[in-house]
Amino acid sequence: MRFYTSFMGYFAALCTSCTTLPRKPLTPAARVDLQRYMGPWRVIACMDNKLERDFVDAVETYTLKGDSRVDVHFAWREKSFDAPVKTHDFSGRVRSDGSNARWKMRLFPLFSASYVILHIAPDYSRVAIAHPSRKFGWVLARERTLPENQYQELMEVFKRAGYDTSKFIRVPQVAKAPEDPSQQRK
1 MRFYTSFMGY FAALCTSCTT LPRKPLTPAA RVDLQRYMGP WRVIACMDNK LERDFVDAVE
61 TYTLKGDSRV DVHFAWREKS FDAPVKTHDF SGRVRSDGSN ARWKMRLFPL FSASYVILHI
121 APDYSRVAIA HPSRKFGWVL ARERTLPENQ YQELMEVFKR AGYDTSKFIR VPQVAKAPED
181 PSQQRK
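So the sequence shown is numbered by UniProt numbering: it starts at 1 and just counts up by one.
To be clear, the hints were calculated from the coordinates, so they are not data collected in a lab.
Each hint should be verified, as a subset may be incorrect.
To be verified - Straight-line alpha carbon distances no greater than 20 Å define the calculated EDC-like cross-link-like pairs of lysine to aspartate or glutamate that follow: (1) 50 - 60; (2) 135 - 48; (3) 86 - 67; (4) 104 - 89; (5) 24 - 148; (6) 159 - 78; (7) 65 - 89; (8) 50 - 78; (9) 24 - 97; (10) 167 - 148; (11) 159 - 148; (12) 135 - 67; (13) 24 - 164; (14) 167 - 156; (15) 79 - 48; (16) 104 - 60; (17) 79 - 54; (18) 86 - 71; (19) 135 - 156; (20) 65 - 33; (21) 79 - 52; (22) 135 - 52; (23) 167 - 89; (24) 104 - 148; (25) 167 - 153; (26) 104 - 33; (27) 135 - 164; (28) 167 - 97; (29) 50 - 164; (30) 167 - 48; (31) 86 - 54; (32) 86 - 33; (33) 104 - 67; (34) 79 - 60; (35) 65 - 97.
Unchecked claim - Distance ranges between label pairs, derived from CB positions: (36) 53 - 121: 37 to 47 Å; (37) 54 - 31: 16 to 26 Å; (38) 83 - 35: 29 to 39 Å; (39) 75 - 125: 31 to 41 Å; (40) 175 - 78: 30 to 40 Å.
Just so you know, these numbers come straight off a predicted model, no measurement behind them.
We put the CB at the ideal spot given by N, CA and C, even for glycine.
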């Protein structure tokens, strides 16, 4: 319950924060291939915020439903790799601007937030995601780790978009996937 109360407050702030100061609009990635974007993404870093500060082993899994609906399954642990996995499911719509890089995510029935893909690697291995307020941002990768030079390239993308990149925090990821007990030999 505490998570959902915090989550709702956090996203209420997210939804309204873009109206406080006029800013130059974010420039999205030129084109996102939605089919290639779908699947699991590791949360490598995010802007420091109360809700996500203690997350570890965070994964977002995207599933395309129809032409523009995207379902998201978000799984994470809090503070420890030994903590139980928590999950939250939400959905969104890809805006029809031709780039597929602007999304409106519905995090709860009454709350939605803008989601802008600033940059995606040509091989779809890493992505920089922004919010118009510049108070929220995420670095996602297909793998559990991201080479430092690639991480810094994404930080440069955020800097050019008007972000204070000193406010990004890394999200710890497990070194390897835990063995699935159901797959062990007997």
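Now the hints, each set against the structure:
| no. | hint | verdict |
| --- | --- | --- |
| 1 | 50 - 60 | holds (19 Å) |
| 2 | 135 - 48 | holds (9 Å) |
| 3 | 86 - 67 | violated (29 Å) |
| 4 | 104 - 89 | holds (15 Å) |
| 5 | 24 - 148 | violated (29 Å) |
| 6 | 159 - 78 | violated (28 Å) |
| 7 | 65 - 89 | holds (14 Å) |
| 8 | 50 - 78 | holds (12 Å) |
| 9 | 24 - 97 | holds (18 Å) |
| 10 | 167 - 148 | holds (17 Å) |
| 11 | 159 - 148 | holds (16 Å) |
| 12 | 135 - 67 | violated (29 Å) |
| 13 | 24 - 164 | holds (15 Å) |
| 14 | 167 - 156 | holds (13 Å) |
| 15 | 79 - 48 | holds (15 Å) |
| 16 | 104 - 60 | holds (16 Å) |
| 17 | 79 - 54 | holds (5 Å) |
| 18 | 86 - 71 | holds (17 Å) |
| 19 | 135 - 156 | holds (16 Å) |
| 20 | 65 - 33 | holds (14 Å) |
| 21 | 79 - 52 | holds (10 Å) |
| 22 | 135 - 52 | holds (13 Å) |
| 23 | 167 - 89 | violated (26 Å) |
| 24 | 104 - 148 | violated (30 Å) |
| 25 | 167 - 153 | holds (16 Å) |
| 26 | 104 - 33 | holds (17 Å) |
| 27 | 135 - 164 | holds (9 Å) |
| 28 | 167 - 97 | violated (30 Å) |
| 29 | 50 - 164 | holds (17 Å) |
| 30 | 167 - 48 | holds (6 Å) |
| 31 | 86 - 54 | holds (12 Å) |
| 32 | 86 - 33 | violated (29 Å) |
| 33 | 104 - 67 | holds (14 Å) |
| 34 | 79 - 60 | holds (18 Å) |
| 35 | 65 - 97 | holds (18 Å) |
| 36 | 53 - 121: 37 to 47 Å | violated (27 Å) |
| 37 | 54 - 31: 16 to 26 Å | violated (35 Å) |
| 38 | 83 - 35: 29 to 39 Å | holds (33 Å) |
| 39 | 75 - 125: 31 to 41 Å | violated (20 Å) |
| 40 | 175 - 78: 30 to 40 Å | violated (19 Å) |
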